[in-house]
Amino acid sequence: MLSEYELQALWLSLKVASVAIIWLIPIGIFFAWILSKKTFVGKSLLDSLIHLPLVLPPVVVGYLLLISMGRQGFIGQHLYQWFGISFSFSWKGAVLACIVVALPLMVRSIRLSMDSVDHKLEQAARTLGASPLRVFCTITLPLIIPGVISGTMLAFARSLGEFGATISFVSNIPGETQTIPLAMYNFLETPGAEAAAMRLCIISIVVSLASLWFAEGLNRWTQKRLGVQR
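Residue numbers are given in the numbering used here: position 150 of the sequence shown equals residue 711, and the series is strictly consecutive.
Keep in mind the hints are simulated off the structure, nothing from the lab. Be aware that a few hints might be false.
Claimed, not checked - DSS-like mimics (lysine-lysine), calculated; alpha carbons at most 30 Å apart, straight line: (1) Lys681 to Lys599; (2) Lys576 to Lys653; (3) Lys576 to Lys681.
As the list claims (entries may be wrong) - Label-pair ranges, simulated between beta-carbon atoms: (4) Ala691 to Ser769: 39 to 49 Å; (5) Gln684 to Tyr746: 17 to 27 Å; (6) Pro735 to Met562: 13 to 23 Å; (7) Tyr746 to Leu615: 41 to 51 Å; (8) Thr783 to Arg687: 22 to 32 Å; (9) Leu773 to Pro703: 20 to 30 Å; (10) Leu682 to Leu610: 29 to 39 Å; (11) Gln684 to Ser605: 22 to 32 Å; (12) Cys698 to Leu568: 33 to 43 Å; (13) His680 to Phe650: 42 to 52 Å; (14) Gln684 to Gln642: 43 to 53 Å.
Even for Gly, the Cβ is constructed at its ideal location relative to N, Cα and C.
Between the sequences and the hints, there should be enough to build the whole structure, so can you do that?
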């Protein structure tokens with residue numbers, strides 16, 4: 562049986578990952594669309610910046626978030642003064658950290674799916690008088706749903722396992738920022754708590770595998786509805 566401490570870490574992990582996904586889906590679709598459909602000066606730089614968290618050490622990402630989005634950061638101080646929004650030492654900061662580290666996975670998955678859409682279908686719709694927004698909502702978006710699903714589940718699993726950026730940015734506060742990886746870290750540092758660490762490890766594996774299995778099943782169903790042969 563899980564203790565209240567462990568259940569609290571599990572619930573917070575699911576909460577943080579779920580809220581991160583809610584933000585990541587529209588942001589990921591937007592950036593994937595820009596990188597796939599648009600040509601402009603600085604496109605390569607934007608692509609590099611989006612994918613930078615994949616190659617940076619997570620602690621570096623957390624430090625950059627701290628000096629930029631912390632209460633004394635050059636962006637965070639204005640958010641706090643003007644809107645009362647603070648990411649420091651809050652689960653909202655953990656959500657922001659997950660968004661940053663998982664965004665590359667979301668964008669890459671959706672962009673690959675968007676690149677495979679037949680441009681002739683979109684051009685035909687525009688020729689018939691459809692607006693760009695209608696073309697996107699009625700043609701492009703339905704065809705990239707498998708990529709959106711894959712990106713969502715990958716980002717969700719990545720958010721569940723986020724550690725370095727979170728602990729660097731919002732610390733390790735039980736009940737507020739202490740997700741499963743941070744709780745496991747505490748248990749590993751505590752003599753005699755190996756069993757509790759193992760329980761959280763197993764739970765993390767099960768939840769991640771379940772999310773990937775669900776994504777694969779949903780992907781197959783979606784592709785079947787779209788008539789895509791695998």
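Hint by hint, here is what the structure shows:
Distance restraint check for Lys681 and Lys599: the Cα-Cα separation of roughly 16 Å lies within the 30 Å cut-off, and the hinted pair is therefore satisfied. Simply put, Lys576 and Lys653 have alpha-carbon atoms about 10 Å apart, close enough for the 30 Å limit, and the pair holds. Between Lys576 and Lys681 the alpha-carbon distance is near 41 Å, which puts this suggested pair outside the 30 Å criterion. Remark: the range hint 39 to 49 Å for Ala691 to Ser769 is upheld by a beta-carbon distance near 40 Å.
Checking the proposed 17 to 27 Å range against Gln684 and Tyr746 shows it is violated: the Cβ atoms sit about 53 Å from each other. Roughly 19 Å separates the CB atoms of Pro735 and Met562, a value that falls within the hinted 13 to 23 Å. Hint check: Tyr746 to Leu615, Cβ distance near 22 Å, so the stated range 41 to 51 Å is violated. Between Thr783 and Arg687 the CB atoms are about 25 Å apart, so this pair conforms to the stated range of 22 to 32 Å.
Hint check: Leu773 to Pro703, Cβ distance near 23 Å, so the stated range 20 to 30 Å holds. Checked against the given bound of 29 to 39 Å, the beta carbons of Leu682 and Leu610, roughly 31 Å apart, stay inside it. Gln684 and Ser605 have their C-beta atoms about 26 Å apart, which keeps the hinted 22 to 32 Å range intact. The hinted window of 33 to 43 Å between Cys698 and Leu568 holds, with their beta carbons roughly 41 Å apart.
Remark: the range hint 42 to 52 Å for His680 to Phe650 is upheld by a beta-carbon distance near 48 Å. For Gln684 and Gln642, the hinted distance range of 43 to 53 Å is satisfied, since their beta carbons lie about 48 Å from each other.
Comparing the model with each earlier hint shows violations of hints 3, 5, 7; every other hint is respected.
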